[in-house]
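S.K.: Same order as they appear, the protein sequences are chains A and B.
For the first sequence, the working numbering gives the first residue as 3, with consecutive numbering after it.
For the second sequence, the working numbering gives the first residue as -6, with consecutive numbering after it.
By construction, these hints were calculated from the structure, which means they are not laboratory data.
Just so it is clear, the structure is predicted and the values come from calculations on it, not from any experiment.
Backbone N, C-alpha and C define an ideal beta-carbon position, used for all residues, glycine too.
The reader is advised that the hints may include incorrect statements.
From chain A, some residues computed to sit far from chain B (all C-beta separations above 10 Å) [what the hints assert, rightly or not]:
| hint | residue |
| --- | --- |
| 1 | Pro40 |
| 2 | Leu42 |
| 3 | Leu55 |
| 4 | Glu85 |
| 5 | Asn171 |
| 6 | Val181 |
| 7 | Thr185 |
| 8 | Glu219 |
| 9 | Arg271 |
| 10 | Leu277 |
According to the in silico footprint, chain A covers these stretches of chain B (three or more CB under 8 Å from chain A) [stated by the list, open to error]:
| hint | stretch |
| --- | --- |
| 11 | 44 to 54 |
| 12 | 195 to 206 |
| 13 | 255 to 263 |
| 14 | 267 to 280 |
Short, incomplete list of chain A residues facing chain B, as computed with Cβ under 8 Å [said to hold, decoys possible]:
| hint | residue |
| --- | --- |
| 15 | Pro17 |
| 16 | Glu18 |
| 17 | Ala19 |
| 18 | Ala22 |
| 19 | Ser34 |
| 20 | Glu131 |
| 21 | Thr132 |
| 22 | His135 |
| 23 | Leu136 |
| 24 | Ile138 |
| 25 | Ala139 |
| 26 | Arg141 |
| 27 | Arg270 |
| 28 | Arg274 |
| 29 | Ala279 |
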Amino acid sequence: MITALITASGAVRDPEAVRAVIAKDLTAVRRSRAVLLPMLLVPTLLMVVLPALIGLAATRATTPDLSRFLDGLPGDLARPVLELPANEQMVVLVNGYLLAPLFLIVPLMVSSVLAADAFAGEKERRTLETLLHLPIADRDLFAAKLLGAFLPAVTVSWVGFLAFAVVSNTVAWPVLHRVFVPTRLWLVMILWVAPAVAALGLGVMVRVSARARTAQEANQLGGAVVLPLIFLAVGQSTGLLLVSLPVAVVIGGLIWAAALFLIVRGARRFTRDQLAATA
Amino acid sequence: MTAAIETVDLTRSFGATNALDGLTFEAGAGEVVALLGPNGAGKTTTVRLLNGILRPDRGTSRVVGLDPQTQGDDVRRVTGVLTEHAGLDDRLTARENLLATARIRGMAADHAAARVTAELARFGLAERADVPVAGASTGERKRIALARALLHDPEVLFLDEPTSGLDPEATRDVVELIGSLATEHGRTVVLCTHFLGEAGRLADRMAVLDRGHLRAFGRPADLAAELWPGLAAELDLGAEAAPEVVEALLRVPGVLSAAAVPSGAEVRVEHRDVLPVLVGVLVAREVPVYAAVPRPPTLEDVYFALREQA
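Excised from the complex, chain A in its bound form (with noise of 0.2 Å):
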C-alpha cells in the first residue's frame, strides 16, 4: 500500500524494482537469526511477557496506597486513576501507563537493526556493489532501503501493540471486567509516535551506516546515540502520557521532524559514487 502511495506521489522512478529490493532484504531477515531473534525477541518480552507478569502481580497483590504516588502526578493523569476503585488503581496505572513508555524502545529497536543490515549489512557482506551495477536510481534504492526497514518496524510495533493490549486487558479482566487499553493517548503513541520513532531510529542508522563497515559496527555506533534517545523517548513518553493529547501529538510531531531532517540529509549523501568509494 505505501508502495503504492509512493509511487503515486512521484517520489520514486521505478516502484516495481522498488519492490523488488525490499522483497529480497525482507527474505533475507527472515532468514537471519542474528536479525530476526532480537526482533521478534525484544517485542515479546516487552509487550507480552512484562504486561503478563507486572499484570498478574498488580491484580493479586494486596492494595497498596497509591494516593501519595498519585498525588505526585499532574491532575489529567491522576483524576481518571484516583476515580477508580483501589483494587483497579495498581493494574491501569502500570499496564496503562507507566509500561507505555517501554512501548517506543520496539520501533526503535526494530528499525535501527533492520537499517543496519540494510545499509552497512551490504556492505559487509560485499552486496552493494552488485547492486550499485544494476539498472536502479540512487533513490529509488534509498527508498527501497529505507522501506524495507520502516514497513517492518511500524508493523511489529503494531502487532505488538495488539498483543499488549489482549494480554493487558486479558490479566486486568478478573479485576476490571472491562477493557482498558488502549486509551485515546495509547492511540496517538501507535499511530502516530511509534511511526515517528521508527522513522528516528532509521534517519540515525542511516549516517551511522555511511562511516560503518559492518551492521555490527553500525549497531554499536547507532547505539551510542539511540541509548541517550531510548533514555530520553521513556522520560518525554512518561510525561509524554501524562500531558494532554495535542501536546502528545506535538511531541510526535517534533521527532517526525528530526527523523525527516535526518533522513532528508541522509539522501543528499546516499549517492552511487560515495556508496562505491567506500564499498
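Knowing the structure of chain A, use the given hints to seat chain B on it.
M.R.: Quick look at chain B alone, frame taken from chain A:
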C-alpha cells in the same frame, strides 16, 4: 569496427591516491579487451567508471554510445557485471539472488523465472538452485554470479576475475563461453584478470595498467613487436651449440642475435624466412638439426616486459 567503449583521459582519485590517471582506450563491438595489472592498478575503478557508479574527476567515456555519467541507468541496462567478489546474499538461494536481480532489471515475473531457470541450468546449477548460497563453494558462487551477469543478455560484459576459484573443467567452460559471447554473439567483453594465460586465449587487445596509468594498449603481437624486434626461434641441435656454430649463425644476414642453450641455440631473426637459411648453414657444417621452432612471445612475456619498463 564500431567502438562499444571509448574513454578519453578518464581520471579518478580517492583522496591523495590516483586510482586512474588519464586512461584513454577503446573496445570495439564483439571485442574482448583484457585489463591487466597488479592489485591497485585501476582495473576495478575503470569498470566502476564505465558503468556509471563512480564519477570521473576528469575525462569522458561512452559505453554503446551512452554517457555513464549522465545516463548511468541506461548504461547499466545494457551491461552485465561480474564483480571480483561474487556479491551474493548468502541468506538467499541462487534462484532468489538471480530473481531479485531480474526483477530489479525490470523483467516481468514469468520471464524472469524462465530466464533464471535457464541460466542456472546453463551453468550446471539446477540442483543447487534452491539451496541458500551460504553453503556454496567458491566455484559455485562464481558460476551463480556469472549466471546473474548474463541474465539480461547484456551487450557489454565487465568480468572481474571470472575464473578464479573455478576447477579446470569449469574454467575451460567459462573461457569458451566468454569467447563465444564475443565471437558468435558480438558481445563486448572487458576482462579484468590476473590469469595471463586466460587473457592470452581470449583477449583481442590488452591494456596494461599500473598504479592508475595505462602503460600499453594494443594487440599482444603488436606490443611484442614494439618490445622486441624480429622473431625469436629455438634451434634444437641435440646438444649445446659450439662457439664456432654460434659465430656462423651470427654471420647469416638477417640474424639479430644468437646464443647457445643446452639444447642447441636461440636466435632472433628479422623475419621467419631467415630460418630456412640458418638450417641450410647448419646442415652445410654437418650440424644435426632436429627442429627449428619460432617462439613468438607469449602474453606473459609481453606483460612482464611492460611491467619491468614501468
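S.K.: Evaluate each hint against the coordinates.
M.R.: Status of the hints after comparison with the structure:
1. Pro40: holds (16 Å)
2. Leu42: holds (17 Å)
3. Leu55: The claim stands: A/Leu55 keeps its Cβ more than 10 Å from every Cβ of chain B (closest is about 35 Å).
4. Glu85: At about 54 Å from chain B, A/Glu85 clears the 10 Å cut-off, so the statement holds.
5. Asn171: holds (38 Å)
6. Val181: holds (41 Å)
7. Thr185: Given a closest Cβ separation of 40 Å, the condition holds.
8. Glu219: The assertion about A/Glu219 holds, with a minimum of 19 Å to chain B.
9. Arg271: A/Arg271 is indeed farther than 10 Å from all Cβ atoms of chain B, at 14 Å.
10. Leu277: For A/Leu277, whose nearest Cβ neighbour in chain B is about 8 Å away, the distance does not exceed 10 Å, so it is violated.
11. 44 to 54: holds (count 5)
12. 195 to 206: violated (count 0)
13. 255 to 263: violated (count 0)
14. 267 to 280: violated (count 0)
15. Pro17: violated (11 Å)
16. Glu18: Since the shortest Cβ distance to chain B is 6 Å, the answer is holds.
17. Ala19: holds (5 Å)
18. Ala22: With a minimum Cβ separation of about 4 Å from chain B (threshold 8 Å), the hint on A/Ala22 holds.
19. Ser34: Holds: closest Cβ of chain B sits about 6 Å from A/Ser34, inside 8 Å.
20. Glu131: holds (5 Å)
21. Thr132: holds (3 Å)
22. His135: Where the cut-off is 8 Å and the nearest Cβ of chain B is about 4 Å from A/His135, the hint holds.
23. Leu136: holds (5 Å)
24. Ile138: holds (6 Å)
25. Ala139: At 6 Å from the nearest chain B Cβ, A/Ala139 passes the 8 Å test, so the hint holds.
26. Arg141: violated (11 Å)
27. Arg270: violated (15 Å)
28. Arg274: Result: holds, 4 Å to nearest chain B Cβ.
29. Ala279: holds (6 Å)
Checked against the numbered hints listed earlier, the structure breaks hints 10, 12, 13, 14, 15, 26, 27; every other hint is satisfied.
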